[in-house]
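J.: The lines below spell out each chain.
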Amino acid sequence: MNIAERSVIMDSMTQAPITDFEIDGPVRARVENLSFFYGEKQALINVSFPIHDRKVTALIGPSGCGKSTLLRAINRMHDLYPGNRYQGQVILFPEEINIVGPEVDPMLIRLKIGMVFQKPNPFPKSIYDNVAAGLWVRGIRKKSLVDDRVTQALKQAALWDEVKDRLRTSAYGLSGGQQQRLCIARALAPAPEMLLLDEPTSALDPIATARIEELIMELAPTVTIVIVTHNMQQAARISNYTAFMHLGQMVEFDQTAAIFTSPKERRTQDYITGRFG
Amino acid sequence: MATVELAQASATRTSYGRLVASDRFLKRRAITARIVSFFLFLAAALSVFITAAIVYILVYDSVLFFKEVSIVDFLTDTEWTPVFEKPKFGIITLVSGTLMTTFIGLLVAVPAGTILSIYLSEYAGHTTREIVKPILELLAGVPTVAFGYFALFFLTPIFQIFIPNLSGFNLLVPGIVIGVMILPYIVSVAEDAMRAVPDSLREGAFALGFTRFQTAARVVIPGAFSGVTAAYLLGMSRAVGETMVVAIAAGQQATIAINPLEGAATITAYIVQISLGDVPHNSLAYLTIFVAGLTLFLMTLVFNLIAFWLRKKYREVY
Amino acid sequence: MSTDDTDTGIGKIDEQALVAKANRQDFRFAILGFVVLVVAMVTLLALVLDFMIDGVPRIDADFLLNYPSRRPERAGILSAWVGTTLVMLTTAALAVPIGVAAGIYLEEYAPKNWLTDIIEINVTNLAGVPSIIYGLLALGLFVQTLRLGQTVLVAGMTLALLILPIIIVATREALRSIPLEIREAAYGLGADKWQVVSMYLLPAARPGILTGAIVGMSRAIGETAPIITIGALTFIAFLPPPPVQSTFPFINFEWLNSPFTVMPIQMFNWISRPQAGFHVAAAATGVILLAMTLLMNGLAIYIRYRIRRGMK
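Chains as they are written, first to last, in our numbering: chain A, 1 to 277; chain B, 278 to 595; chain C, 596 to 907.
Source of the hints: derived by calculation from the structure; they are not laboratory data. Using N, Cα and C, we set each Cβ at its ideal position, and we do this for glycine too. Be aware that one or more of the hints could be misleading.
[To be verified] Partial chain B-side listing against chain C, Cβ under 7 Å, derived:
id, residue
1, S314
2, F315
3, L317
4, I334
[To be verified] Within a straight-line C-alpha distance of at most 30 Å, the following computed DSSO-like cross-link-like pairs (lysine-lysine) qualify:
id, chain 1, residue 1, chain 2, residue 2
5, A, K112, A, K143
6, A, K41, A, K119
7, C, K707, C, K616
8, B, K304, A, K125
9, A, K41, B, K590
10, B, K304, C, K788
11, C, K707, B, K304
12, B, K304, A, K142
13, A, K41, C, K616
14, B, K363, B, K344
15, C, K788, A, K119
16, B, K344, B, K365
17, B, K589, B, K410
18, B, K304, A, K112
19, A, K143, C, K707
20, A, K41, A, K125
21, A, K155, A, K142
22, A, K41, C, K707
23, A, K143, B, K304
24, A, K142, C, K788
25, A, K119, A, K155
26, C, K788, A, K125
27, B, K365, A, K41
28, C, K707, B, K589
29, A, K155, A, K125
[Unchecked claim] So these bits of chain C aren't anywhere near chain B, every CB distance computed over 12 Å:
id, residue
30, A656
31, T680
32, I699
33, I773
34, A799
35, L805
36, R903
If we strip away everything but chain A, and leave its shape as in the complex, we get (with noise of 0.2 Å):
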């Protein structure tokens, strides 16, 4: 395994990236020289890196760093707000479309990303609902096609067994863990090319975050998966690439591996053990 990356070497002065990767194994998309202003602020800076495809890829960094940011940019989840500009490409493969360009629909790419919030927000509908209203969405009706996928969807979120008596009931009727496996079964109803996964556990208890830990490295060999999260460890358990982000930037990007015992960048270093954030 050689590690083929080379970081995003940035002075946080001047704002010329320089980027150069050896891509190690299939890429399904390539973030490449991203930033994205809020109004006047800019948010992300030069942003570059590759999402591998059908790996986890983890965004971590203190507070503020942009990291959410980012991710939201990937499914133009911005452009539900007025004000905010794109600059720069994300390509996404094999289709070769820069997902942030202003001639994309963003609906098409939400067609093909799928996100699950941070805070888990199922529809006030029943289960079954839920996890089918991807599908209605895109025009899919047939009924025995959509049983299918609902029954494939909950079993791949791990919830088929816990709910498969009830999914005519309402989903607000399942515990907080169960909801937000519930909105991942969701996503993945469509199934869809890619999974963004925005800090989904910074809302649940132990147990329940073990359980969706172990749910996504269940799924990473089928589904590419960009997370965010706050928790270091996380990254470190679950994901193959992690990057570090610090104020807009991207600091450093690696294998989850190198990144945690031989980080290149000072503050790399000093975010890993303890120093800020």
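Got chain A; can you put chains B and C on it based on the hints?
T.: Structure of chains B and C alone, referenced to chain A:
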């Protein structure tokens, strides 16, 4: 650059056929979206059309009216006798009736409303508020005809006991009833404004040793000033536009209203009177209802716009 | 006890007296507020009781099934309550769809530009326009220019315009109170705006919209002035043609084109007569009207209470 390879599609995708949204579906969805947003826009734009229609009709008929009647006469004449042989069209007559009832109404509703709003916002506990606000809502829901009946058949006789020369049709009783009618509106808007004043200001006052009353008077009301003024203006606008109570209990006498113990016609009561009658549709007298309506519309428009601006202002502050 | 007057220059302060005076002031104001409250409630109570005492004895089957008459003892409100029902049906059928649609547009679709501002100002302003002006609008536009006559349809349209702002505002408030997370989840699945609105937002907003519709209808039921202005005849001793018929196609809409009367108009008409007997009949009509409006408003309050509890 490095090569990019993609592994074969995963098992979850191929075994269930196409799960991507078909192009046909996406096209259909896009078309539906366009059609829907067009109709939704039409619905919203209807409100502009309504205002335009109101303005057009009132202005058009008023212009026809003013072809025959000089605007100077209109504004300065002191009699309003459109159906007479030699008709007179002094709008001041009707306006004075409207203003008198509005004034009496505000005399009742402004103090009562302010006191009640302060009480609800600063003194009352949660349960009291949960009981009082619905009652005020129920009060606001009573049909105006019912208030008219109440004014004429219940209140006027009672008032006549205490005020012997109160005539059967007068302006005092309808004025008071109008005050009761606009009370819920004033309380609702003013209390909203007072609650919008942040607690931190109140705490500062209490920490200095202010009483509740002093806090209310010196901190909350000044802080909620624009909202409270907006409440008064809205109440005034509603009082000016009130029709049935005055049509029933204030009489039809079109004189300049100086004495509230006597009846007088208001703008609104006059419109009702003509609408009920046999005035031919092309006559000058008929056009007068539109001129009266225009006067009414302009009055309430001014009050409403000022109130709107004031409410926007206080919402921005906090 | 006075404070120590060290060099503050304030002099001696009698703290206890100050506190006592302040508490008295507070107490007096609380009493005042309470008194005002009681007076308001007593007024409402007096009104309801007055109607009940005057009117309830008059209500019997004959009253409900007779037409108005020149003889007070024989007068009834049949044409009035049938007219009210038909007009209310028309009003609801027009105001609710259009109002909800406009509310959805303003809350979810409208871009932030000058046109939207104009529309919003218009809606706010129309909410404050006196109801009689709507009557003049209907007179000028529907009755004269469009020559639609003085019919159930015109009354329905007029009242629908009148309560439109109420429904628009209620719809907007209901949509606004849906938590952000539901929207993000729905958009996150790749839904487009109409899918999000129709599949998730509208169902969640339903109770709030319902409340608004009930309040609007309650207002419309009691409205007299606009209907008078249209020129509704007040002595209607007949019914509009029935909506159902025994021949194909089994429903007809002729009743929309029929002259009519409604309960508040009938009440007003009886109040204006000199005979006391008619006044009693007016009171009886008032009882029924009051019962309806109090019931509807009460229902709206109850639903709103349930919504608030559900959110917690």
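J.: Under the criterion of a CB-CB separation shorter than 7 Å, is I334/B in contact with chain C as hinted?
T.: At 4 Å from the nearest chain C Cβ, I334/B passes the 7 Å test, so the hint holds.
J.: Hey, K788/C versus K119/A, does the alpha-carbon distance stay inside 30 Å?
T.: It holds: about 22 Å lies between the C-alpha atoms, which stays within 30 Å.
J.: Given the hint that K41/A pairs with K119/A, does the C-alpha gap stay at or below 30 Å?
T.: Holds, because 26 Å separates the two Cα atoms, which is no more than 30 Å.
J.: Is K304/B within 30 Å of K112/A, Cα to Cα?
T.: 17 Å, holds
J.: Are the Cα positions of K365/B and K41/A separated by 30 Å at most?
T.: 68 Å, violated
J.: Is the Cα-Cα distance between K155/A and K142/A 30 Å or less?
T.: Distance ~20 Å between K155/A and K142/A Cα, so the pair holds.
J.: So is L805/C really clear of chain B, every C-beta pair being over 12 Å apart?
T.: Per Cβ check, L805/C is outside 12 Å of chain B; nearest 16 Å; holds.
J.: Does K344/B sit within 30 Å of K363/B, going by the straight-line distance between their CA atoms?
T.: Holds, at roughly 17 Å.
J.: May I ask you to check that T680/C keeps its beta-carbon over 12 Å from the closest beta-carbon of chain B?
T.: 16 Å, holds
J.: Hinted pair, alpha-carbon criterion (30 Å max): K707/C, K589/B. Please report holds or violated.
T.: 16 Å, holds
J.: Just checking, I699/C versus chain B, shortest CB gap more than 12 Å?
T.: 6 Å, violated
J.: Check the hint pairing K41/A with K616/C against an upper bound of 30 Å on the C-alpha distance.
T.: Measuring from Cα to Cα gives roughly 55 Å; hence the hint is violated.
Going down the numbered hints, you'll see the structure goes against 2, 7, 13, 19, 20, 27, 32, 36, while the others check out.
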